[in-house]
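Listed below, chain by chain, are the residues.
There are 4 protein chains.
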Amino acid sequence: MKKYLVEFIGTFFLVLTVGMTVIAPGAGALAPLAIGSALMIMVYAGGHVSGGHYNPAVTLAVWLRGRCAAADVPFYMGAQILGAWVAAAGVLCFKGHPVVTPLEIKLVPALIAELVGAFALCYVVLNVATAKATAGNSNYGLAIGFTVMTMAFALGGVSGGAFNPAVAVGITRMHLVDSMHLWLYFIANLGAGALAALVFKFVNPEDK
Amino acid sequence: MKKYLVEFIGTFFLVLTVGMTVIAPGAGALAPLAIGSALMIMVYAGGHVSGGHYNPAVTLAVWLRGRCAAADVPFYMGAQILGAWVAAAGVLCFKGHPVVTPLEIKLVPALIAELVGAFALCYVVLNVATAKATAGNSNYGLAIGFTVMTMAFALGGVSGGAFNPAVAVGITRMHLVDSMHLWLYFIANLGAGALAALVFKFVNPEDK
Amino acid sequence: MKKYLVEFIGTFFLVLTVGMTVIAPGAGALAPLAIGSALMIMVYAGGHVSGGHYNPAVTLAVWLRGRCAAADVPFYMGAQILGAWVAAAGVLCFKGHPVVTPLEIKLVPALIAELVGAFALCYVVLNVATAKATAGNSNYGLAIGFTVMTMAFALGGVSGGAFNPAVAVGITRMHLVDSMHLWLYFIANLGAGALAALVFKFVNPEDK
Amino acid sequence: MKKYLVEFIGTFFLVLTVGMTVIAPGAGALAPLAIGSALMIMVYAGGHVSGGHYNPAVTLAVWLRGRCAAADVPFYMGAQILGAWVAAAGVLCFKGHPVVTPLEIKLVPALIAELVGAFALCYVVLNVATAKATAGNSNYGLAIGFTVMTMAFALGGVSGGAFNPAVAVGITRMHLVDSMHLWLYFIANLGAGALAALVFKFVNPEDK
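One line per chain: the protein sequences are A, B, C and D, in this order. Note that the numbering used here numbers the first sequence so that position 35 is 61, with each residue one more than the last. Note that the numbering used here numbers the second sequence so that position 201 is 227, with each residue one more than the last. Note that the numbering used here numbers the third sequence so that position 203 is 229, with each residue one more than the last. Note that the numbering used here numbers the fourth sequence so that position 90 is 116, with each residue one more than the last.
Treat the hints as calculated values from the structure; they're not laboratory data. The reader is advised that the hints may include incorrect statements.
Since the list gives no way to pick out one identical chain from another, each pair is judged satisfied if it fits inside one copy or across any two copies.
[Claimed, not checked] Subject to a maximum C-alpha distance of 27 angstroms in a straight line, what follows is the list of computed DSSO-like cross-link-like pairs (lysine-lysine):
hint, residue 1, residue 2
1, K158, K132
2, K28, K227
3, K29, K234
4, K158, K227
5, K121, K158
6, K28, K121
7, K29, K158
8, K28, K158
9, K227, K29
10, K121, K234
11, K132, K227
12, K132, K29
13, K28, K132
With the rest of the complex left out, here is chain A (with noise of 0.2 angstroms):
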């Protein structure tokens, strides 16, 4: 129980930032910035709880990797997504109901950016996290949270920039982004988990 509230509250406050520095007036260019610090330091506040993944896609990845249980998973997503919808509600509360135009979205684009960005994350956050030769550094919620700086930065204009299925939730609740793109976000996101998973297996092939 207590993991499911870490997962909730590191993934409100994940798309809480996200509302509110994206929509006008926000945080303007540094959005990405602030996006990228919030889950840095939920990572590092809840990771000794959790495991810190606030994210559909990482949670797959995890559990893929062997450093999930499978009775958790369900129940994880669910927190994260609770999370994600809450905050999102807040958002539009602080904001007082802003007109917010989604983003225009090519769907091909817009998938290879959703999959080659969230593939960097879970990429990231087995080799810095769950990896048996990276144990007891002190570089895992700034390694994982500046990805998703850096993919945001990089990648942002094209999808969203969400690389996560929690914030894509989040994000079309905000109108953000079109919620009938929504499906986009989980195939591509969950799919860049089990990709980033198999990749970690064949270059850490002695770590179980």
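Following the hints, position chains B, C and D against chain A.
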């Protein structure tokens, strides 16, 4: 005595940075990066002496969690508020007693924003700087400082982004916020500190 | 084989970030933060497998310092250049084959800037990631990534700010720099790698 | 000798970054991030050889604290000032001997700003890099570098933001500050170093 001096120094530099970067010509959109970094460096510099609170809400949360002696609490809070007051006076001198228009604040959103932001800060502090499971890490200052940066980017426009009653004293002294709103920060931030201590105990049940 | 895959992945994400953030509409003045962070996250993710070079000049320097097998050197460099090439092609697709005006380059200043910037990078890499006196630190990725960020802020306007022959292949492929200048990066960067190895041995005489 | 070379290299890159990012077209509002990061990377690269001072005020403070041999002090300061001088000359070449308007400086505020900023820097250095209670941490470079970034954001407009007599030599050489003000930096910064050593001894009484 040395602990109170460290708390004074840290809060002084935090509020000095707030005033110098927020009052024009300051650091513009980058002010939250400077402010969060000011907290980060002072946490790294003073953590081994005083714990590096620099915030009455953090002192309350750490006391409730059982890592601050009751006898220290009033002196910590006094040193923090004194440091904030001196820094604010210094900023007004450096800036040549500037004409500052206070932020327009709506009471209920501001109360919620200060509650949410200060909860994030105290929740991060307790988990990265007082939990047994994260002992010995090198990231506590980065996590704590960048929580203030992130929340300032996300919520600064709603409430002024103090998340800290001592900072609230400083920003009302510098007229960035009307002094009739000062009570709001004390209630919301101290309430958030107490709530964070409760949540910490729930998610770290074996950590006394 | 797994080492070469890690080098491919890391250089791919580095050059993807360069192209997506530098070509308009990119990350504007914040591009160096994104680029340096891309290197940082990939060093943290892949360092325990391949050393996390992502740069032929770094591979040369690490080999001269005695921490990379000679047999690996050509495959590392090949994987890096291939990753850069694929990333550059991907950027051109994402951006819709944009019209890019190459940076105007003056030969001598550009040569010196690439020598100076790549020296800083290789000097930092050797000291934070291969010196016995700094073994076990958690800051190597931050130091290495932010060296590229710092040098890109300082010298990017002079030479394009590659500091890396693989990145040079990528930016000439994306027309950010005229391909007739490609030799310049190979000479300056590889020369800087050799010089950094010499300096490292001089300042760490007991470290074989 | 190797220690002096490391001090020369580090101060060279610090002042190179100052000049290249502050003189137009530089890094604009992001210059303090680049400058603080330049110090950070050089502290991480050279700390295990020379201590990574790159600043006569820091050398004074570390000597007073008992962690720098008296015989090294003049050579450290000489290497730092030489590195700054060479970097400033290099910047003037790269920039094509630019016309620079020196910052208008008011004496008393500038003296106080340099005293306050250099005190913060020396106080952080002594606590994160020389205190027994923080030995073995990986955050010393981040804390030290970002202190300069924070103080440059906060106080750069008042005094030019040197906090370092060697940097002061560099910025007067580049005409960013009028050379008739050079004495100001030596007095304020060295005084701040001495004050920081006193405060360090008071707050770390058991740490000889």
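Against the structure, the hints:
Within a single copy, K158 and K132 get their C-alpha atoms no closer than 40 angstroms, and across copies no closer than 48 angstroms, so neither meets the 27 angstroms cut-off. In this homomeric assembly, K28 and K227 come within 27 angstroms of each other (Cα to Cα) only across copies, at 10 angstroms, whereas the closest approach inside a single copy is 29 angstroms. Proximity of K29 to K234 under the C-alpha cut-off of 27 angstroms is found in both arrangements, the shortest distances being 23 angstroms within a copy and 18 angstroms between copies. In this assembly of identical chains, the alpha carbons of K158 and K227 lie at most 27 angstroms apart only when taken from the same copy (12 angstroms versus 29 angstroms across copies).
Taking the shortest Cα distances, K121 and K158 never come within 27 angstroms of each other, neither inside one copy (44 angstroms) nor across copies (39 angstroms). In this assembly of identical chains, the alpha carbons of K28 and K121 never lie at most 27 angstroms apart, being 31 angstroms within a copy and 44 angstroms across copies at closest. Proximity of K29 and K158 under a CA criterion of 27 angstroms is satisfied in both settings, with 22 angstroms inside one chain copy and 17 angstroms between copies. Taking the shortest alpha-carbon separations for K28 and K158, both the intra-copy value of 25 angstroms and the inter-copy value of 16 angstroms come in at or below 27 angstroms.
In this assembly of identical chains, K227 and K29 lie within 27 angstroms of each other by CA distance both inside one copy and across copies; the values are 26 angstroms within and 13 angstroms between. Taking CA atoms no more than 27 angstroms apart as the test, K121 paired with K234 passes in neither setting, with 47 angstroms inside one copy and 40 angstroms between copies. In this homomeric assembly, K132 and K227 never come within 27 angstroms of each other (Cα to Cα): the closest approach is 33 angstroms inside a single copy and 47 angstroms across copies. In this assembly of identical chains, K132 and K29 lie within 27 angstroms of each other by CA distance neither inside one copy nor across copies; the values are 37 angstroms within and 35 angstroms between.
Proximity of K28 to K132 under the C-alpha cut-off of 27 angstroms is found in neither arrangement, the shortest distances being 40 angstroms within a copy and 34 angstroms between copies.
Going down the numbered hints, you'll see the structure goes against 1, 5, 6, 10, 11, 12 and 13, while the others check out.
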